[in-house]
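Undergrad: First to last, the sequence lines map onto chains A and B.
For any residue, its number in the numbering used here is found by taking its place in the first sequence, counting from 1, and adding 1363.
For any residue, its number in the numbering used here is found by taking its place in the second sequence, counting from 1, and adding 12.
Note that these hints are calculated values from the structure, not bench results.
Each hint should be verified, as a subset may be incorrect.
In silico lysine-lysine, BS3-like type, Cα no more than 27 angstroms apart, as pairs [what the hints assert, rightly or not]:
1. A:1382 with B:202
2. B:182 with B:85
3. B:85 with A:1455
4. B:202 with B:230
5. A:1382 with B:230
6. B:227 with A:1450
7. B:85 with A:1457
8. A:1434 with B:48
9. A:1450 with B:182
10. B:230 with A:1450
11. B:85 with A:1450
12. A:1425 with A:1457
13. B:100 with A:1370
14. A:1455 with A:1434
15. A:1425 with B:228
16. B:230 with B:151
17. B:182 with B:100
18. A:1382 with A:1457
19. A:1382 with A:1450
20. A:1429 with B:228
21. A:1450 with B:228
22. B:228 with B:100
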Amino acid sequence: MKIYLEKFGTTLTSRQAGKEAFSAFQPRLSDIGTNEPLEMDFEGVVTFSPSWGDEFLTPLQKEFGKRLILKHTENPSVQATLALLEKIHIIKFKRI
Amino acid sequence: MDNKDLIAIGEAAELLGISRDTLRRWDKNGRLRATKSSGGHRLYSRFQIELYLSDLQILAKDWVESATEISPKLYCPNSAIFQARLHKMERFLSRVRELESIFPLIVAVAGEIGNNSFDHNLGNWPDLPGVFFGYDIDKRKIVLADRGQGVLATLHRVRPTLETHAEALKVAFSEIISGRAPESRGNGLKFVRQVIADNPIGLVFRTGNAELILKKDKADLDIHGSPSNFRGCLAFIMF
Chain A
1364 MKIYLEKFGT TLTSRQAGKE AFSAFQPRLS DIGTNEPLEM DFEGVVTFSP SWGDEFLTPL
1424 QKEFGKRLIL KHTENPSVQA TLALLEKIHI IKFKRI
Chain B
13 MDNKDLIAIG EAAELLGISR DTLRRWDKNG RLRATKSSGG HRLYSRFQIE LYLSDLQILA
73 KDWVESATEI SPKLYCPNSA IFQARLHKME RFLSRVRELE SIFPLIVAVA GEIGNNSFDH
133 NLGNWPDLPG VFFGYDIDKR KIVLADRGQG VLATLHRVRP TLETHAEALK VAFSEIISGR
193 APESRGNGLK FVRQVIADNP IGLVFRTGNA ELILKKDKAD LDIHGSPSNF RGCLAFIMF
């Protein structure tokens, strides 16, 4: 399944909004096959910060592990946020 | 002074987003002096009002220290209004060619600091909820402030050994700790520190009687005493 994060907004910065986005996305999780990857596309996202990312990506990473795939982006706020989340949770996101 | 530049107290109050009574009080206590017309009415120069409005640091400092009246344009009483204004600032910043490669980081830094104020004071605002949020893109600065509990009071709950504002600032910007434990929070300021160390962005962050200065290529935390002591937080971002 491919998710375009832009659909949740282009300025993804607050915990509250990240939590709401995760809740809104929950029902779709059951549509993902057992071995199916979950791909996140950041295209169109302008600002991304750890508060939002931690509420949305961290729980997905815990559930999907290496099946969660983050598509490469040049956006510096996405890159800096992913680096921090990896550091604080001692995890490694799979990127393509 | 060119008479065409002079405006009446009503117009000045409107531009500043405050009441005429407040302006009269400010005239009496010297905060913003008026000149008098031949009929004795207070007059202000547009330039004087614009200058006052542009001095965001002073406006924020006065608000955080003394709860002075501020323009509604600079006050975000809740998180939803802050998010909307942050998004608006992002649009303005995105149009500045020289900031093309770093403006998302500037917005993310401002977002983390502003959101921190809401996240850590939700249900616990001592008096006025919300944040002061002003920016001047031409002067390359953003000012954020809150009249919340401050970093020390927030972190003291999860780290009772913390005694000073300087210690609390150090922990907030360097350790993975949450003022809302057991929730996993409190990473925003570490993000701010890292982004600033890697990019041409500067930060002055004050809380209580302590001040932290962060700038590019300075990995160490420069924490020292602040000229004033107040509850809450005050942040100046330069870029």
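Undergrad: Does each hint fit the structure? Answer for all of them.
TA: Outcome of the hint check:
1. As the CA atoms of residue 1382 of chain A and residue 202 of chain B are separated by approximately 21 angstroms, the hinted pair is consistent with the 27 angstroms bound.
2. The suggested pairing of residue 182 of chain B with residue 85 of chain B is violated, with an alpha-carbon distance near 32 angstroms, which exceeds 27 angstroms.
3. Only pairs whose Cα atoms come within 27 angstroms are accepted, and residue 85 of chain B paired with residue 1455 of chain A is rejected, the gap being roughly 42 angstroms.
4. Taking the CA atoms of residue 202 of chain B and residue 230 of chain B, the gap is about 14 angstroms. The hint holds against a cut of 27 angstroms.
5. Restraint check: the Cα-Cα separation between residue 1382 of chain A and residue 230 of chain B comes to about 34 angstroms, which exceeds 27 angstroms; the hinted pair is violated.
6. With a C-alpha separation of about 21 angstroms, the suggested pair residue 227 of chain B and residue 1450 of chain A falls inside the 27 angstroms cut-off, and the hint holds.
7. Taking the CA atoms of residue 85 of chain B and residue 1457 of chain A, the gap is near 42 angstroms; set against the 27 angstroms cutoff, the hint is violated.
8. Pair hint residue 1434 of chain A plus residue 48 of chain B does not hold up; C-alpha atoms about 64 angstroms apart against a cutoff of 27 angstroms.
9. A C-alpha spacing of about 19 angstroms is found between residue 1450 of chain A and residue 182 of chain B, which places the hinted pair at or below 27 angstroms, so the restraint holds.
10. For the hint linking residue 230 of chain B to residue 1450 of chain A, the alpha-carbon distance of about 20 angstroms falls within 27 angstroms, and the restraint holds.
11. Among the hinted pairs, residue 85 of chain B with residue 1450 of chain A is inconsistent with the structure: their alpha-carbon atoms are about 37 angstroms apart, more than 27 angstroms.
12. Restraint check: the Cα-Cα separation between residue 1425 of chain A and residue 1457 of chain A comes to about 12 angstroms, which is no more than 27 angstroms; the hinted pair holds.
13. At most 27 angstroms may separate the alpha-carbon atoms for a hinted pair to count; residue 100 of chain B and residue 1370 of chain A meet this at roughly 18 angstroms.
14. For the given pair, residue 1455 of chain A sits about 14 angstroms from residue 1434 of chain A by alpha-carbon distance, which is consistent with the 27 angstroms threshold.
15. For the hint pairing residue 1425 of chain A with residue 228 of chain B, the CA-to-CA distance comes to about 34 angstroms; that exceeds 27 angstroms, so the pair is violated.
16. For a cut-off of 27 angstroms, the pair hint linking residue 230 of chain B to residue 151 of chain B stands: about 23 angstroms separates their Cα positions.
17. Between residue 182 of chain B and residue 100 of chain B, the direct Cα distance comes to roughly 32 angstroms. Violation of the 27 angstroms bound is thereby established for this hinted pair.
18. Only pairs whose Cα atoms come within 27 angstroms are accepted, and residue 1382 of chain A paired with residue 1457 of chain A is accepted, the gap being roughly 22 angstroms.
19. Simply put, residue 1382 of chain A and residue 1450 of chain A have alpha-carbon atoms about 21 angstroms apart, close enough for the 27 angstroms limit, and the pair holds.
20. Of the supplied pair hints, the one linking residue 1429 of chain A and residue 228 of chain B is violated, its CA atoms being roughly 34 angstroms apart against a limit of 27 angstroms.
21. With a CA separation close to 20 angstroms, the supplied pair residue 1450 of chain A and residue 228 of chain B stays within the 27 angstroms bound.
22. Under the criterion of a C-alpha separation no larger than 27 angstroms, the hint pairing residue 228 of chain B with residue 100 of chain B is consistent with the structure, at around 26 angstroms.
Hints 2, 3, 5, 7, 8, 11, 15, 17 and 20 from the earlier list are contradicted by this structure; the remaining hints agree with it.
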